[in-house]
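Student: Sequence:
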Amino acid sequence: MLAWAFLLFAAASDMERELHRFATVYGLIEAEAATPIDHNTAIYEGAIPGMLKQLDPHTVFFSPSQFDQLREMERSTSKGFGTVVSVLPGRVIVLQTLAGTPSSRAGIQPGDEIVAVNGVRLDWLTMEQLVGLLGESRRREAKLDVRRAGASRLLPFTLVPEELASPSVDRAYELRPGIGYVRVTSFEVPTGKQLKEAIDKLGGASLKGLVLDLRNNPGGVLTSALEASALFLPAGKKLLSVRGRARQAEETEVPGNWPRYDFPLTILMNEKSASASEIVAGAMQDYDRGTVIGVPSFGKGLVQSVYPLSQGTGIALTTAFYFTPSGRSIQRPLKEGALEGQTPRWASLEQQGEFVTEKGRKVRGGGGIEPDFTVHPERQTRLRTVLDASGVLTQFATVAIQKLGKVEPAFQVPNAMMDDLKLYLSERRIQPGVAEWTAEIEWVRARLHQEIFNQALGVEKGDEVEARRDPVVLKALDVLGVR
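For the sequence shown, the positions run 13 to 495 when our numbering is used.
No lab work stands behind these hints, which were simulated from the structure alone.
Please read these numbers as outputs of a predicted model, since none were measured by experiment.
Treat each hint with caution, since some may be false.
Okay, derived cross-link-like pairs now, DSS-like style, lysine-lysine, Cα gap no bigger than 27 Å in a straight line [to be verified]: (1) 250 / 208; (2) 371 / 250; (3) 91 / 205; (4) 205 / 220; (5) 434 / 418; (6) 473 / 205; (7) 213 / 374; (8) 487 / 220; (9) 284 / 473; (10) 220 / 208; (11) 249 / 208; (12) 250 / 374; (13) 284 / 487; (14) 434 / 415; (15) 473 / 434; (16) 374 / 418; (17) 208 / 418; (18) 213 / 487.
Each pair of labels, with its calculated beta carbon distance range [what the hints assert, rightly or not]: (19) 217 / 442: 48 to 54 Å; (20) 155 / 428: 36 to 42 Å; (21) 132 / 185: 33 to 39 Å; (22) 144 / 51: 16 to 22 Å; (23) 366 / 480: 50 to 56 Å; (24) 144 / 390: 28 to 34 Å; (25) 428 / 205: 44 to 50 Å; (26) 45 / 201: 49 to 55 Å; (27) 284 / 442: 26 to 32 Å.
C-beta: ideal position from N, C-alpha, C; glycine also.
Can you build the whole structure from these sequences, using the hints too?
Tutor: So this is what it looks like as structure tokens:
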């Protein structure tokens with residue numbers, strides 16, 4: 013007890029000495045510096061951020077104004093106009109308007125091009141400015157100028173944003189008979205329930221297999237990730253553990269009050285899959301319950317606590333780390349020290365080496381989730397880049413739909429339409445050579461098919477076209493024993 017008290021006293025003495033040193037330096041600068049010092053800048057933008065750099069990049073100090081913004085974001089709800097758009101450099105093209113939303117009621121149609129928002133011409137903006145303007149416009153009434161094929165002048169629309177429900181489980185359909193595909197874009201409070209409903213809609217326990225797409229899923233609510241995992245694992249299994257310097261180690265087990273599915277499972281991941289999505293994939297992999305396909309995930313497995321401080325300030329502090337059932341840390345360590353030449357203290361947790369799954373398979377540690385099969389998305393060729401960046405396929409799809417009239421779900425792009433498209437491209441000075449066109453024609457056909465479905469049948473149907481040629485999805489079908 014005496015030794016512990018001595019250590020506390022020594023630590024307090026060291027802190028007091030260092031604080032005195034800081035106060036001395038600060039006082040000298042304030043008194044003698046050639047230019048006056050701004051106290052808020054020196055403390056909020058200098059001293060405190062400099063101290064936090066010694067920790068990790070996710071520990072952040074909030075000035076009074078920043079902390080107010082954070083609390084406002086936590087209180088706010090998602091608002092918008094219900095318009096799904098394709099954002100290109102200087103151009104925004106409507107792909108779909110959701111039923112019952114402001115854009116649908118106003119009469120905006122797929123294929124419309126938004127050329128100005130609140131009097132600001134979009135073709136004058138950089139991509140960053142364009143995205144910022146669109147985000148800002150969703151907060152209040154917006155006046156749009158719209159170009160529509162066949163209209164002799166721009167059409168004016170005034171939209172008032174409304175609260176919109178945006179489900180985190182946004183795609184659910186059959187890839188093959190009995191093989192379901194479900195995409196989860198984030199983990200929110202209702203995600204576990206939405207995932208179960210999506211699986212049941214596709215056939216529930218009678219499914220022959222499921223492709224669970226967690227690509228670009230940044231995570232979210234931990235309890236939702238645990239509920240999602242519980243759909244595929246027996247009750248009582250350890251799902252994850254939490255360890256930190258100032259908190260007792262905790263373990264979380266699969267709850268016993270959730271239904272469970274036994275069909276084969278594949279999980280799709282990429283470099284933007286993080287946090288809660290990594291918890292789900294890591295648990296499935298460690299128990300050999302599902303096969304992970306794609307590229308290594310982001311590697312964000314930390315517990316952050318937000319503490320309000322004095323004078324309206326606050327701090328988001330990393331207090332612990334998440335570990336998979338086999339003991340792998342999800343958090344990826346920094347490649348370099350917090351200070352040059354130093355190893356960051358927060359990365360000294362045991363993370364490297366090999367770990368073993370329930371069936372004895374070796375899996376890599378070191379942060380993030382390493383897929384069982386590494387599969388990269390399709391490479392972007394010169395022609396593909398030009399077609400996607402120019403928006404010409406979206407424009408041609410609008411023209412094609414007008415000629416087709418009604419588009420049925422069984423529609424396929426005929427060769428005659430591909431010939432028309434090649435002429436359409438030539439008129440816009442896009443003239444691929446014979447070899448390039450031959451090599452890319454099936455990709456172009458599929459992308460045109462997708463754009464036509466986006467506008468005629470909805471973006472979900474367009475996504476189905478894309479999924480059926482996605483190499484990562486095709487590998488998942490291979491693993492599930494179908495093509």
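Student: With reference to the structure, classify each hint as holding or not holding.
Tutor: Status of each hint after checking the structure:
no., hint, result
1, 250 / 208, "holds, 21 Å"
2, 371 / 250, "holds, 15 Å"
3, 91 / 205, "holds, 23 Å"
4, 205 / 220, "holds, 21 Å"
5, 434 / 418, "holds, 23 Å"
6, 473 / 205, "holds, 23 Å"
7, 213 / 374, "violated, 35 Å"
8, 487 / 220, "holds, 16 Å"
9, 284 / 473, "holds, 24 Å"
10, 220 / 208, "holds, 16 Å"
11, 249 / 208, "holds, 19 Å"
12, 250 / 374, "holds, 18 Å"
13, 284 / 487, "holds, 19 Å"
14, 434 / 415, "holds, 17 Å"
15, 473 / 434, "holds, 24 Å"
16, 374 / 418, "violated, 53 Å"
17, 208 / 418, "violated, 34 Å"
18, 213 / 487, "holds, 24 Å"
19, 217 / 442: 48 to 54 Å, "holds, 50 Å"
20, 155 / 428: 36 to 42 Å, "holds, 41 Å"
21, 132 / 185: 33 to 39 Å, "holds, 38 Å"
22, 144 / 51: 16 to 22 Å, "violated, 31 Å"
23, 366 / 480: 50 to 56 Å, "violated, 36 Å"
24, 144 / 390: 28 to 34 Å, "holds, 29 Å"
25, 428 / 205: 44 to 50 Å, "holds, 47 Å"
26, 45 / 201: 49 to 55 Å, "holds, 51 Å"
27, 284 / 442: 26 to 32 Å, "holds, 30 Å"
Comparing the model with each earlier hint shows violations of hints 7, 16, 17, 22, 23; every other hint is respected.
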